[in-house]
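Note that the sequence shown covers residues 1 to 98 in UniProt numbering.
A couple of the hints might just be wrong.
Stated by the list, open to error - Just the calculated beta-carbon pair ranges, DEER-fashion:
no.: 1; residue 1: 82; residue 2: 57; range: 25 to 35 angstroms
no.: 2; residue 1: 30; residue 2: 90; range: 33 to 43 angstroms
no.: 3; residue 1: 38; residue 2: 77; range: 39 to 49 angstroms
no.: 4; residue 1: 47; residue 2: 82; range: 15 to 25 angstroms
no.: 5; residue 1: 30; residue 2: 81; range: 24 to 34 angstroms
no.: 6; residue 1: 38; residue 2: 75; range: 12 to 22 angstroms
no.: 7; residue 1: 12; residue 2: 59; range: 12 to 22 angstroms
no.: 8; residue 1: 63; residue 2: 18; range: 35 to 45 angstroms
Rather than coming from a laboratory, the hints here were simulated on the basis of the structure. Even glycine gets a Cβ: it sits at the ideal position worked out from N, Cα and C.
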Amino acid sequence: MCRNIRCLHNFAPPTTDDEVRESALQFVRKVSGSTRPSRANAEAFEDAIEEIAVATRRMLDRLVTSAPPKSRELEAVKGRARHEQRMEREVRIRTGAA
């Protein structure tokens, strides 16, 4: 149902408000078990997204680290490599290859 919620802290360029809201949306979808709320629940759904986004932005703005900012491009390459390894492992398991 939901994409993975991603790390938003310590990136160059910094995390945007849209990225924070998208993560809040994914969190609310996961917790509620619904990708789209009914009309009766739409206001609660939107309120939760907004509250979580505000809390997330506040937390990100207050976190401190001595680590250098991560590169989005490099993290994406590493993520694709992990995905490829998982897929290769799945194929080996399903085909019985060692």
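Checked hints:
A C-beta distance of roughly 28 angstroms is found between residue 82 and residue 57, which places it inside the suggested range of 25 to 35 angstroms. As the Cβ distance of residue 30 to residue 90 is approximately 23 angstroms, the hint placing it in 33 to 43 angstroms is violated. A hinted range of 39 to 49 angstroms for the beta carbons of residue 38 and residue 77 is consistent with their spacing of about 40 angstroms. Separated by about 35 angstroms at the C-beta atoms, residue 47 and residue 82 break the suggested range of 15 to 25 angstroms.
Checked against the hint of 24 to 34 angstroms, the C-beta distance between residue 30 and residue 81 comes to roughly 25 angstroms, which is consistent with it. At roughly 36 angstroms, the beta carbons of residue 38 and residue 75 sit outside the given window of 12 to 22 angstroms. Between residue 12 and residue 59 the C-beta distance comes to about 19 angstroms, which sits within the given range of 12 to 22 angstroms. For residue 63 and residue 18, the hinted distance range of 35 to 45 angstroms is not satisfied, since their beta carbons lie about 19 angstroms from each other.
Checked against the numbered hints listed earlier, the structure breaks hints 2, 4, 6, 8; every other hint is satisfied.
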